[in-house]
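So the protein sequences, as listed, match chains P and D.
Under the numbering used here, the first residue of the first sequence carries the number 541, and numbering increases by one thereafter.
Under the numbering used here, the first residue of the second sequence carries the number -17, and numbering increases by one thereafter.
If you are wondering where the hints come from, they were derived from the structure by calculation, not from laboratory data.
As the structure is a computational prediction, the values presented were derived from the model and not from experiment.
Don't be surprised by glycine CBs; every beta carbon is placed ideally from N, CA and C.
Hints should not be assumed to be uniformly reliable.
Okay, the calculated bits of chain P under chain D, using three or more residues with CB under 8 Å as the criterion [as the list claims (entries may be wrong)]: (1) 580 to 593; (2) 625 to 635.
Here are the in silico distance ranges between beta carbons for each label pair [stated by the list, open to error]: (3) D/S13 - P/I552: 24 to 32 Å; (4) D/A53 - P/T560: 26 to 34 Å; (5) P/R562 - D/T82: 23 to 31 Å; (6) P/A593 - D/R45: 33 to 41 Å; (7) P/R555 - D/Y46: 37 to 45 Å.
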Amino acid sequence: DTGVSQDPRHKITKRGQNVTFRCDPISEHNRLYWYRQTLGQGPEFLTYFQNEAQLEKSRLLSDRFSAERPKGSFSTLEIQRTEQGDSAMYLCASSWGQGNEKLFFGSGTQLSVL
Amino acid sequence: AQKITQTQPGMFVQEKEAVTLDCTYDTSDPSYGLFWYKQPSSGEMIFLIYQGSYDQQNATEGRYSLNFQKARKSANLVISASQLGDSAMYFCAMREGRNTDKLIFGTGTRLQVFP
């Protein structure tokens, strides 16, 4: 039974560099979500997809952030020109159906921007 | 105003005892959903329990129950018969309205279960 998979688990980068994270949802799930979590805080919503369509984006998602879900399967989250404030855990989750209450989360990608 | 408030940064409970984790919420939308998630040190968020705003009865899932007091806008999580493996961060979250699938999380409560 494969859950939500995220790659890489950890990423260290220098300020100004671009980074890309990948999320593979549970295979039959049509909805995919990205959240960001900083130390001592709960996760903050970034965006979500239903199949390949991006349905909602948070204002937190500045122009430097872009997310894609080609073919409605895996998703990528790219951050351009990283800043130290981007350091956080980036969590991906997936679910089936419309407004399904149960999200299945991956273990996250921990980003450190030096 | 905070949408989700968890006032207990940390809680201790002895093994086999029950513990209540507090959560209050703020919304004017009559349709909303309330959730609790557990986050162990591994980082993965684990769904525990869900309560819809129109549900008449409190939700229960095994050792977890949600004490839903709509008039007080509280949705406290009760864990019965605590186990050492229950030690983790616990987050309350809300989906507000029918037109979004976004969850708004609180700041969490760290629960430590001791023998």
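Hints the structure fails to honour: 3 and 4
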